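Listed here are the chains, written in short residue letters.
2 protein chains.
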Amino acid sequence: MRTFDSGKSTFAEVGPIQVARWEQQYQFGTTLPFGAMWYTVPPGASSVRDCHPEPELSIVVAGTGFVEVASGITEVGVGSAFLLDSEEAHIVHNRTEDGSLTIFSAYWMPLDDAAAPAGQAPVGEPADV
Amino acid sequence: MRTFDSGKSTFAEVGPIQVARWEQQYQFGTTLPFGAMWYTVPPGASSVRDCHPEPELSIVVAGTGFVEVASGITEVGVGSAFLLDSEEAHIVHNRTEDGSLTIFSAYWMPLDDAAAPAGQAPVGEPADV
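If you read the sequences in order, they're chains Z and S.
For the first sequence, the working numbering begins at 13 and goes up steadily by one.
For the second sequence, the working numbering begins at 13 and goes up steadily by one.
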């Protein structure tokens, strides 16, 4: 068993949020069929609008997320999850003023596009749309 | 975007724990390259010892886990993760007396064994060792 401590992980500033990409600090070889990261949105802040080919499954591990996509904004509480489609533009808001929002995300290239590399990092690039 | 509310999910009793397997209540087609579930260990309880071919990545989303494998017991706090190897026997303990332990897990067949079905449920079967 290996453990991964979010509190001891190395977070990098990506615009207004902090991102800890697993592939930058852990070695997995071919063990994981997805890339993974934690990211933290400070109180009152929002992520940069992002859009990427990888579907992304996110679990809120602290705080409450407000996830904005084209159809609107959805509240996602701690322990719950949201699945973004491939190329679905999204912004994650932390609407509280007194606590961070922390999310664990897994992402992968669509299974019908196996020729593309998996585990590339989808967060932090300004959307190209 | 789809959301998955842990509080509205259907949990089944599996020995002393409650398990909500995603594939039993959501339709994903080939979107996810892994199976997924939440499980909750009541205060003072432990999961049944389990062992399965799927590697399993778990994120603690509420409470504190004490994860027992052959090498010992490791504390895993909320937001942190643990990765169990294929065929690594494990028991998850909730040592608190006043709060549930809730874990999100993803599991998949090893990538070098693609002929085996993915997304089978690894939790709740007594270990066969």
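There's no promise every hint is true.
Same chains, same names: a pair is fine if it fits in one copy or spans any two.
SDA-like cross-link-like pairs, simulated, lysine to any residue; straight-line CA separation at most 25 Å [stated by the list, open to error]:
1. K20 / G75
2. K20 / T43
3. K20 / C63
4. K20 / Q39
In case anyone wonders, no lab produced these hints; they're calculated from the structure.
What you are looking at is a predicted structure, and each value in this text was computed from that prediction instead of being measured.
How the hints compare with the structure:
Within a single copy, K20 and G75 get their C-alpha atoms as close as 19 Å, and across copies as close as 18 Å, so both meet the 25 Å cut-off. In the homo-oligomer, the alpha carbons of K20 and T43 lie at most 25 Å apart inside one protomer (22 Å), although the nearest pairing across protomers, at 31 Å, exceeds that limit. When the C-alpha separation of K20 and C63 is checked against a cutoff of 25 Å, the pair qualifies neither within a copy, at 28 Å, nor between copies, at 29 Å. Taking CA atoms no more than 25 Å apart as the test, K20 paired with Q39 passes inside one copy only; the shortest distance there is 16 Å, against 35 Å between copies.
Going through the hint list in order, the structure does not satisfy hint 3, though it satisfies all others.
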